[in-house]
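Fit chain to chain and form the complex, with the hints in mind.
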Amino acid sequence: MQVLLGLGGSDDGFRALERTVARVAGAGDDLVVAVLDNPTTGVSPADVEARVEATLEDAGVEAAVRRLEGDAGPSLVELAETEGFDEIVMGGGEESPLGKIAVGRIAEYVVLNATVTVTLVR
Amino acid sequence: MMAPDAFPDEPTGPFEPPPRTFEDGRGRTLALRRYGETLDDVAAERRALVAMYDDFDPADRAQGIPPSNGPAVRTWLDGLLVDAAIHVLAWDEDAVAGHAILVPDRTGAYELAIFVHQDYQGAGVGTRLIRALLGAGAEAGVERVWLTVERWNRPAIALYKGVGFETTEAASFDLEMALRLAPVATSPPSEDP
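Just so you know, the sequences run in chain order A and B. Numbering-wise (the numbering used here), the first sequence opens with residue 710 and increments by one. Numbering-wise (the numbering used here), the second sequence opens with residue 156 and increments by one.
Next up, chain B with everything else stripped away, as it sits in the complex (with noise of 0.2 Å):
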């Protein structure tokens, strides 16, 4: 019930996979990382990622997550920061501006999620994080991924399909959408004899 029935029969990508960094659209110089590669220890970015959380504006909640209160982000995140999960971190040097999940259903495909800090939307954050993060799946061998959105959410919407988001079912609350991640190609074979 929760997946699609269905995915697009054309590939999607490539998708450049982090490490990266870019200027946003004020001038901040933002680093795009899996998690666990930007401070000295996981559990101080596991901190920085909570204290995003913490500090995220409750208008900006979609779908009951991330859950309005502290003990609650913390179980929820707990649940998400597992290896089979794979998470890209927005960093303005050692805060979390942004982060974007991907979780395996009980299909083999992975539900997708992006969450940008208040302080940094607008600024084109939530593109180049998705795009790292798609390309971080795509690089650990993700071919399937799909998102709910709620129909009223424009902005998401507009960023999903920007990335090759396709709507795949649109009759209730929330739309869903779909993508098919090209495979990463291997090194190329050499042209010399």
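With the rest of the complex left out, here is chain A (with noise of 0.2 Å):
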């Protein structure tokens, strides 16, 4: 299967990181890290692909990093459905201070245009 993985530097994106390359090394399937642009997290995109790399690193898995540059949903939708991606995978939301579970923009738009399976890691 063809996974395309999307991030922006939000913490639960590097929670469904961790669990997709953990996933992909069982599974045998082919892994793509899309590095979005999301100004909102205040972390950059170099340094988002940094820890990307060091996290498939120590597991021990090979799967090509690409920087996508502009609207982070749009694009991510954009190159899963022109290169035939089975599924997209991002974080499934941040918690408030009660614990109350809200789903980011990025994932938001995702989850309601994309055309493949999209699978929120929670």
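Honestly, the hints are just simulated from the structure, not real lab data.
These stretches of chain B come out as covered by chain A in the derived footprint (C-beta under 8 Å, 3 or more residues): (1) 231-242; (2) 253-260.
Partial pick of chain A residues on the chain B-facing surface, computed with a CB cut under 10 Å: (3) G802; (4) E803; (5) E804; (6) P806; (7) K809; (8) A811; (9) R814; (10) R831.
We put the beta carbon where it would ideally sit given N, CA and C, even for glycine.
This is how it looks when you write it as structure tokens:
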């Protein structure tokens, strides 16, 4: 299976990365990691990319890492559809101080607009 | 990301703080009190609160809370039953009918949530409970209060609007609403010379 993981620097994205890397290693799926522009996280795409590379290396998983410029949701959906991915994986939301889960704006766009399966990792 | 960028300029209030009693829409006399001020010991209050959540209708869960299984409810409550948070409970004798919470975020504002057991919904309990919570908050010096609510949850949105919350963000799955609490007036100055 061809899996496309998108993350922009939020904590739930990094959690999704760790889980997906572990799963891919066992399942033999092909993984591509897309680093998205998400200015709200305060983490630069270069720092996200470095953390992704380190996580992949620690797990011994080979995956292409691609930087997607521009509007994160639309560019991730377009990549998934033009290159025939089977699944998009993203972080499943952050918790408020009270423990309410809020799905991120990028994930919300992708869930509503992608024509491929979307997995939100909790 | 999780708290509003801006709060309403105009303060809202005053709200009557607990303790108070009232008759609900079905003739039951309920008491509104801060957590820890009703039963003999706090452990018994925590048990009564847990009992409400253990019996809570899963259909009334929102945005992942209260958690759906027993151990998770206890962990969740223990994270909230801290000194920095403000809790007001609605009691029907020694059973908890509703629970309202203010928890501080990292910016000094407070996130609000309210839960009313299904046996007490539609009886005006939520309005009384949230007003008492805001009264307790104002007394404790809370100024900025916010919440998120699922857009389809019209009864909850009406409740929040009714006490003065304004929508601050409407572009995502959830509505974000905020309110600025009027500071509690200190004793009025005497008019006598």
